[in-house]
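Student: For reference, the chains in residue letters:
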Amino acid sequence: MTFILESGYAFWNPLIWIIVFLVVMIVVYFFRRRGQKKYKKDTDQAQIFLCGEEVPEAGERHIRVGNIYWGFFETLKEYYNQILRPHTGIVNDYVLWFVAATAVSAIILLIAGLAK
Amino acid sequence: MEYIPLNFPFLAAALLAGISFYIIIFRKNLIKLIMGVGMMSSGVNLFLVALGYRAGGNVPIYTDVPEGPMVLSVPQALTLTSIVINVAVLALMLSMVINVYRHTGSLDSEKSRKMKG
Amino acid sequence: MATLITHSPILIIAIPLVTAFLTPLIGMANRKVRDALVIVSLAFVVVLVFALARDVVINGIRVYTLGATSPDLTIPTGFMVPVRIILEVDGMSIFMGIIWSIVSLAAAIFSLSHIASETGQNRFYTLLLLMVAGGFGMMFTGDLFNLFVFLEIASISGAALIAFRIKFADTQEGGFKYIVISAIASLMVLFAIGLLYAQYNLLNIGAIAQVIQYTTLDKIALALLLIAFTMKAGMVPLHLWFPDAYSVAPASITGMLVITSHACMYAAFRVCFTLYGSMLDAPVAGWILIVFGLLSMFIGVTMAVFQKDVMRFMSYHAISQLGYMWVGVGVGLAVLGNAEFIAAYGRDAMSGGIFHILNHAMYKPLLFFTGGALFHCTGTRDLTKMGGLAHKMKWTTILYIIGTLSISGIPPLNGFSSKILIYESVYQFHPILTITGIITSILTLASFTKAFHSAFMGAELPEYKEVKEVPRSMVIAMVILAAGIVFITLFPSLVVDWTIHPAADALIDQEAYITAVMGAIP
Amino acid sequence: MRKIAGLISWLVLVAFLVSGMLLLHPFGYPTPSDMDDYIIENAQEETGSNSVVASVVFDYRGFDTLGEATILFTAVTGVLLLLRTRKRKEESS
Amino acid sequence: MLSKIVRTVANQLILFILTFGLYIIAHGHLTPGGGFQGGAVVVSGVVMLLVAFNSQELKKSLRERLLTIMESTGALIFAILGFVGIGTTFFYNILVGSPVFGRIPPSGAGPGDFWTAGYIPPMNFAVGLKVIAGLTAVVLALALFASGEEVEE
Chain A
1 MTFILESGYA FWNPLIWIIV FLVVMIVVYF FRRRGQKKYK KDTDQAQIFL
51 CGEEVPEAGE RHIRVGNIYW GFFETLKEYY NQILRPHTGI VNDYVLWFVA
101 ATAVSAIILL IAGLAK
Chain B
1 MEYIPLNFPF LAAALLAGIS FYIIIFRKNL IKLIMGVGMM SSGVNLFLVA
51 LGYRAGGNVP IYTDVPEGPM VLSVPQALTL TSIVINVAVL ALMLSMVINV
101 YRHTGSLDSE KSRKMKG
Chain C
1 MATLITHSPI LIIAIPLVTA FLTPLIGMAN RKVRDALVIV SLAFVVVLVF
51 ALARDVVING IRVYTLGATS PDLTIPTGFM VPVRIILEVD GMSIFMGIIW
101 SIVSLAAAIF SLSHIASETG QNRFYTLLLL MVAGGFGMMF TGDLFNLFVF
151 LEIASISGAA LIAFRIKFAD TQEGGFKYIV ISAIASLMVL FAIGLLYAQY
201 NLLNIGAIAQ VIQYTTLDKI ALALLLIAFT MKAGMVPLHL WFPDAYSVAP
251 ASITGMLVIT SHACMYAAFR VCFTLYGSML DAPVAGWILI VFGLLSMFIG
301 VTMAVFQKDV MRFMSYHAIS QLGYMWVGVG VGLAVLGNAE FIAAYGRDAM
351 SGGIFHILNH AMYKPLLFFT GGALFHCTGT RDLTKMGGLA HKMKWTTILY
401 IIGTLSISGI PPLNGFSSKI LIYESVYQFH PILTITGIIT SILTLASFTK
451 AFHSAFMGAE LPEYKEVKEV PRSMVIAMVI LAAGIVFITL FPSLVVDWTI
501 HPAADALIDQ EAYITAVMGA IP
Chain D
1 MRKIAGLISW LVLVAFLVSG MLLLHPFGYP TPSDMDDYII ENAQEETGSN
51 SVVASVVFDY RGFDTLGEAT ILFTAVTGVL LLLRTRKRKE ESS
Chain E
1 MLSKIVRTVA NQLILFILTF GLYIIAHGHL TPGGGFQGGA VVVSGVVMLL
51 VAFNSQELKK SLRERLLTIM ESTGALIFAI LGFVGIGTTF FYNILVGSPV
101 FGRIPPSGAG PGDFWTAGYI PPMNFAVGLK VIAGLTAVVL ALALFASGEE
151 VEE
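Protein chains in written order, with the numbering used here: chain A, 1 to 116; chain B, 1 to 117; chain C, 1 to 522; chain D, 1 to 93; chain E, 1 to 153.
The hints are simulated quantities; they were obtained by calculation from the structure and are not laboratory data. Among the hints, erroneous ones may be present.
To be verified - Derived pair list, reagent style BS3-like, types lysine-lysine, alpha-carbon separation capped at 27 Å:
no.: 1; chain 1: C; residue 1: Lys392; chain 2: A; residue 2: Lys40
no.: 2; chain 1: A; residue 1: Lys77; chain 2: B; residue 2: Lys116
no.: 3; chain 1: C; residue 1: Lys167; chain 2: B; residue 2: Lys111
no.: 4; chain 1: C; residue 1: Lys167; chain 2: B; residue 2: Lys28
no.: 5; chain 1: C; residue 1: Lys167; chain 2: B; residue 2: Lys116
no.: 6; chain 1: A; residue 1: Lys77; chain 2: B; residue 2: Lys114
no.: 7; chain 1: B; residue 1: Lys114; chain 2: C; residue 2: Lys465
no.: 8; chain 1: C; residue 1: Lys450; chain 2: A; residue 2: Lys40
no.: 9; chain 1: B; residue 1: Lys114; chain 2: B; residue 2: Lys32
no.: 10; chain 1: A; residue 1: Lys41; chain 2: C; residue 2: Lys392
no.: 11; chain 1: B; residue 1: Lys114; chain 2: C; residue 2: Lys392
no.: 12; chain 1: C; residue 1: Lys308; chain 2: B; residue 2: Lys116
no.: 13; chain 1: B; residue 1: Lys32; chain 2: C; residue 2: Lys450
no.: 14; chain 1: C; residue 1: Lys450; chain 2: C; residue 2: Lys385
no.: 15; chain 1: B; residue 1: Lys28; chain 2: D; residue 2: Lys3
no.: 16; chain 1: C; residue 1: Lys450; chain 2: B; residue 2: Lys116
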């Protein structure tokens, strides 16, 4: 039994990856062992420090989904405006897309048949 | 029966399906939409049963049948199946519309929608 | 044992069906017995499917003629064409069957505690079993009209299950949209079947494939069939109903609905490769599939990044992942007539697309189940309200991470092994396909990281102090699928050799499918 | 915009359906009818039913009818599921 | 509830409708008709009762539990009749040639014989039972819903 998956040009072997992953993990472990040993849980050491300011409540300081990737959406604003337009949520439109797609593909198939 | 030019029964079936597409696309009332689906199923059933007709044919049932050819029997069986299926679909659709109306108080496909995007 | 294998194609469909008829009767008497019956029958089906799969891979296509004096007697003695309904199980059908059996078992186990507090459980399990039977029927049948009937069974039971939680408004809306779409799609399928029947007076797929001429009527029928199945599978731009319906269903059902989408996709492949096959204008039809696939990949993932509802977000990802399969198999279809290109990259592209079906069927239901677990614990699907759940739900978090890494194609997980097959073979057909695929993969990882952060990471939120880990049966269901992922990760070549390549070859080899029904062509 | 696009694609689809109907065999003269002729000739002997349609429905294509009965069952279950009471009764098992 | 005349007439008429429906179900293998059609005829009688009396009153005599049991039983009988033939194949018409419904009519046009057609008449009965119970349940559920009640679980 072989682990190698041939993909035409190249091959893929998960075992190699797993071994590499384990080696990297060992290296990481060694780095970690060289770190501070004085750190202790459940003391003031584990508290969040925010330049001496008051730390907000747990609910406040969690970054919610609406704020993640703000720049990405800001850059692609035009694209999203366009792409959201067909997503109307009206069931009639859904059927209209079906009709249009059927008509277009029938035309394509017929024209391709004529060209032959 | 004489030869019918232009396949009128088939045309009727296709037009029935076409008209029901118009209803489904352009009518916003959900009950009308269901009626459109019902009409489309009638069109398809008509098409199927018309496929099996043979000019001057008898019913394909041997009980006291006169002499002569018989019309094709498979399309009739298919139509029978298809009719029952469509009854089932329509019943389920109607009960869903009842629930949609109960929740949103509207039968308009634009006003009763909650989800988009 | 040999008798069991001979009859297994029908038993796989009939056992869930009969159990579904029994469920209301038994459920009235005792709940525990009903649950046990559902699980045991589905587990038995899994065993049967694997036995049949082994037989199909070794001995080739298995046919089963319903009502004949012998299962192999496809054509009545002294006649030329088949008359009865024939079930035909080849590599591709049994491949879909394996997926469907595993996922339905996992979904049934997941449902045990997921819907435990709802009313109407008897009917829920009845419909679930009917959906299983409908899906198997679609995959195994060799008859066009029978395909239509089982398509309807699967979609009607699916619609009723989507609307299962009647106290929410959006479930009713989603179920209604789903049933309207599936009613129209299946009526158009029926219309196309009528067109084919009118010309050839046949309903069996293999028998029609032998005599098909590719006339203008056949082209119209092809357009209707292809687009109807495409819409049922949920491809851009026909995907609009997909997130509406899939995000509101109970999570176990959503996992199964994804596989019904795959089944519709399988039906489209069956139509293209087997029904039309050599007569088809292959490059044109192939490009139609590829364009659908590209659009779905890109638009699906960009819409997904945008979503705030966890199930809706995963539904858009399902659309985008389905795109990979269309691209892979579409490339295979586009070069179908050319044996040289098929050998060079067509078969690999198809293997990649089909392999992706298997992988997707493992990780996407897993992700939907984790979404359902979040809903179960927090009572909301809104990601903006979630946070810090990893503190409470350790199992769900770990399983979500496995699913995320797998769907984004992070090596060494299984998502990567199918994606590399697709990328490398499709590149030789047209580089733009691979580029779109890689961009999609990156965006997938980005959006899943976003969802992971907002749901699981962060400090413990005060409103979720009382949250506990999900009940055991839900964890077991998720672990079954995760175990599938790990298995495929470790042994990709084993899986590919035993299931994927037979499936791809079954699609390419139209002759074998015809011969199994019609006998050797004189 | 939506109206125009809808009308055009609708017209194209209807044109396809109608032209397809014109290309079909003339109404009443199905050209190939091997399968049906076989059934009409042999149904009485094989199934013993005088009604050929019944023999097709329950014998030759009996599996379709099982599916059809299943669909009716599904729809009834679905309707009763959707119109059920929203309150939960006392546990009774 | 409609007037007394309507109720009396409906009370008498229901017998005829039921008889006609059962006739259609029973002769499905000899004349046009069968389980689905006959079942639909019977249910049309039920709808007539529903119009003449109100739905609450009908609900007393038609328990929903009973309808569910009837429907499941009908479907089960149908599926099991298919299973009986699995010695040869699923849906093999095993009753042809047996003493029950096993006669084979002379080929060609004839008057017809009730004891023919193998498993087709029993299947018609099973389907009829199923359709009657199923459609009655649907009609009753919709009518009850319209009058403000809901179906029990």
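Student: Checking each numbered hint in turn, tell me which of them this model violates, lowest number first.
Tutor: Hints 7, 8, 11, 13 not satisfied by this model.
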